[in-house]
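Asks: Spelled out from the first residue to the last, the chains are:
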Amino acid sequence: MWYYDKKLQYPIKITNSNPKLAKYIITQYGGPDGEIGASLRYLSQRFAMPTPEAKAILNDIGTEELAHMEMVGTIVRQLIQDVPPRKLEELGLGSYYTEHGCGVYPENASGVPFSASAFQSKGDPIADLYEDLAAEQKAKATYDYLLQLCDDPDVIDPLRFLREREVVHFNRFSEALQIVKDRMGTKKLY
Amino acid sequence: MNNANSMHEDQESMLKELMMLDFKLLDLQLYLDTHPDDMNSISAYNNLLVKAEALRKAYQEKYGPLTVNYPVSDTWKWINNPWPWNKMEV
Chain A
1 MWYYDKKLQY PIKITNSNPK LAKYIITQYG GPDGEIGASL RYLSQRFAMP
51 TPEAKAILND IGTEELAHME MVGTIVRQLI QDVPPRKLEE LGLGSYYTEH
101 GCGVYPENAS GVPFSASAFQ SKGDPIADLY EDLAAEQKAK ATYDYLLQLC
151 DDPDVIDPLR FLREREVVHF NRFSEALQIV KDRMGTKKLY
Chain B
1 MNNANSMHED QESMLKELMM LDFKLLDLQL YLDTHPDDMN SISAYNNLLV
51 KAEALRKAYQ EKYGPLTVNY PVSDTWKWIN NPWPWNKMEV
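Taken in order, these protein sequences are the chains called A and B.
1 is the number of the first residue of the first sequence in the numbering used here; add one for each residue after it.
1 is the number of the first residue of the second sequence in the numbering used here; add one for each residue after it.
Hints listed in this document are in silico derivations from the structure and should not be mistaken for laboratory results.
Incorrect hints may appear among the rest.
Some chain A residues judged to face chain B by a derived CB distance under 10 Å, without partners named [claimed, not checked]: (1) Lys6; (2) Tyr10; (3) Ile14; (4) Asn59; (5) Gly73; (6) Ala141; (7) Asp144; (8) Tyr145; (9) Asn171.
Taking lysine-lysine pairs in the BS3-like style, the calculated list, with each CA pair at most 27 Å apart, reads [claimed, not checked]: (10) Lys55(A) to Lys16(B); (11) Lys87(B) to Lys7(A); (12) Lys24(B) to Lys87(B); (13) Lys24(B) to Lys62(B); (14) Lys13(A) to Lys57(B); (15) Lys7(A) to Lys24(B); (16) Lys6(A) to Lys16(B); (17) Lys87(A) to Lys16(B); (18) Lys6(A) to Lys57(B); (19) Lys51(B) to Lys7(A); (20) Lys87(A) to Lys13(A); (21) Lys7(A) to Lys57(B); (22) Lys24(B) to Lys140(A); (23) Lys51(B) to Lys140(A); (24) Lys7(A) to Lys16(B); (25) Lys87(A) to Lys138(A); (26) Lys138(A) to Lys62(B); (27) Lys87(A) to Lys20(A); (28) Lys20(A) to Lys87(B); (29) Lys51(B) to Lys13(A); (30) Lys87(A) to Lys87(B).
Everything numeric in this text was worked out from a predicted model, so none of it was measured.
No residue lacks a Cβ here, since even glycine has one placed at the ideal position from N, Cα and C.
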């Protein structure tokens, strides 16, 4: 189970709205390599993990991803909040405004809603951990692309933080994969 | 601009300090998940935990609850603004 801590994982304070950028960043909320998908992937896969280290790392990274989902939602909201509808339309967010107003909805940068078909939970720890390594790399690549499209320091700062976390998670998953492989080799699973 | 969502500078800097300590703890937690016998990290974790707990206690006494399991005095302060996604206008 979970408890809510009433704060963000990393501070976000965006002064200037930028709906166009929000429309790109929203993919890290509900897109195929986004934070909701990451969280659901790890929290689903953890049930079939064989070693204490792998159970813990999927549980704890899956939980951290929930905090990242909150951060990305906060960025999107602050970038579109209080922008007049006509301005949103001019910037290509007419369809988004029609469906969601200035709310936050899980979709990718092209407006395709979140789908669990972007990830697997295979019941095979090795297969799942390899997917997790790829997932962290893809999420990092997306943050790299977003950083190329962004010149507002208020947004760059939290995006860099999130990008850095993908690198750390990749390293932890690598270690978990090695541990699982070693244990499976010696059949000492518990 | 000051409104119901705003957070004063003192509160914001205290919260940022706590965010930093909690983040260090989380990063160590993930490291310890795959290195459960690393004594240096365990001792760093314990030291940080003492600091974070003290700061959390001081913050909550001054500005209200961060987690809902907090003693209620006169009013249900849990619902008070700002919520984390609100723009922090000082």
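Asks: Give a verdict on every hint.
Replies: The hints, checked one at a time:
1. Here the hint on Lys6(A) is kept, as its CB sits about 5 Å from the closest CB of chain B, short of 10 Å.
2. With a cut of 10 Å, the hint placing Tyr10(A) at the interface with chain B holds, because the nearest CB-to-CB distance is about 7 Å.
3. The beta carbon of Ile14(A) comes within 7 Å of a beta carbon in chain B, closer than 10 Å, and the hint placing it at the interface holds.
4. Because the beta carbon of Asn59(A) sits about 8 Å from the nearest beta carbon in chain B, less than 10 Å, this interface hint is met.
5. Nearest Cβ of chain B to the Cβ of Gly73(A): about 7 Å, under the 10 Å cut. The hint holds.
6. Using the Cβ-Cβ criterion of 10 Å, the hint placing Ala141(A) at the interface with chain B is not satisfied: the shortest such distance is roughly 21 Å.
7. Restraint check, Asp144(A) versus chain B: the minimum CB separation of about 21 Å is more than 10 Å; hint violated.
8. Hint status for Tyr145(A): violated, given a least beta-carbon distance of 24 Å to chain B, over 10 Å.
9. About 9 Å separates the beta-carbon of Asn171(A) from the nearest beta-carbon of chain B, less than 10 Å, and the hint is met.
10. For the hint linking Lys55(A) to Lys16(B), the alpha-carbon distance of about 30 Å lies beyond 27 Å, and the restraint is violated.
11. For the suggested pair Lys87(B) and Lys7(A), the alpha carbons sit about 12 Å apart, so the restraint of at most 27 Å is met.
12. Proposed proximity of Lys24(B) and Lys87(B) is supported: the alpha carbons are some 24 Å apart, at most 27 Å.
13. Proximity of Lys24(B) to Lys62(B) is assessed by CA-CA distance (about 23 Å); at most 27 Å being required, the pair is judged to hold.
14. Distance restraint check for Lys13(A) and Lys57(B): the Cα-Cα separation of roughly 25 Å lies within the 27 Å cut-off, and the hinted pair is therefore satisfied.
15. Between the alpha carbons of Lys7(A) and Lys24(B) the distance comes to roughly 15 Å, so the proposed pair stays at or under 27 Å and holds.
16. Distance restraint check for Lys6(A) and Lys16(B): the Cα-Cα separation of roughly 13 Å lies within the 27 Å cut-off, and the hinted pair is therefore satisfied.
17. For the hint pairing Lys87(A) with Lys16(B), the CA-to-CA distance comes to about 34 Å; that exceeds 27 Å, so the pair is violated.
18. Of the pairs offered as hints, the one joining Lys6(A) and Lys57(B) holds, with about 14 Å between alpha carbons and a cut-off of 27 Å not exceeded.
19. Distance restraint check for Lys51(B) and Lys7(A): the Cα-Cα separation of roughly 18 Å lies within the 27 Å cut-off, and the hinted pair is therefore satisfied.
20. For the hint pairing Lys87(A) with Lys13(A), the CA-to-CA distance comes to about 22 Å; that is within 27 Å, so the pair holds.
21. Distance restraint check for Lys7(A) and Lys57(B): the Cα-Cα separation of roughly 15 Å lies within the 27 Å cut-off, and the hinted pair is therefore satisfied.
22. Our distance criterion of 27 Å between C-alpha atoms is met by Lys24(B) and Lys140(A), whose separation comes to about 21 Å.
23. Between Lys51(B) and Lys140(A) the CA atoms are separated by roughly 32 Å; this puts the pair beyond 27 Å, and the hint is violated.
24. The suggested pairing of Lys7(A) with Lys16(B) holds, with an alpha-carbon distance near 9 Å, which does not exceed 27 Å.
25. Between the alpha carbons of Lys87(A) and Lys138(A) the distance comes to roughly 32 Å, so the proposed pair goes past 27 Å and is violated.
26. For the given pair, Lys138(A) sits about 42 Å from Lys62(B) by alpha-carbon distance, which is inconsistent with the 27 Å threshold.
27. For the given pair, Lys87(A) sits about 10 Å from Lys20(A) by alpha-carbon distance, which is consistent with the 27 Å threshold.
28. Taken as a hint, the Lys20(A) and Lys87(B) pair is honoured in the structure, with Cα atoms around 19 Å apart against an allowance of 27 Å.
29. Between Lys51(B) and Lys13(A) the CA atoms are separated by roughly 26 Å; this keeps the pair inside 27 Å, and the hint holds.
30. Distance restraint check for Lys87(A) and Lys87(B): the Cα-Cα separation of roughly 21 Å lies within the 27 Å cut-off, and the hinted pair is therefore satisfied.
The structure fails hints 6, 7, 8, 10, 17, 23, 25, 26 (numbered hints given earlier, in ascending order).
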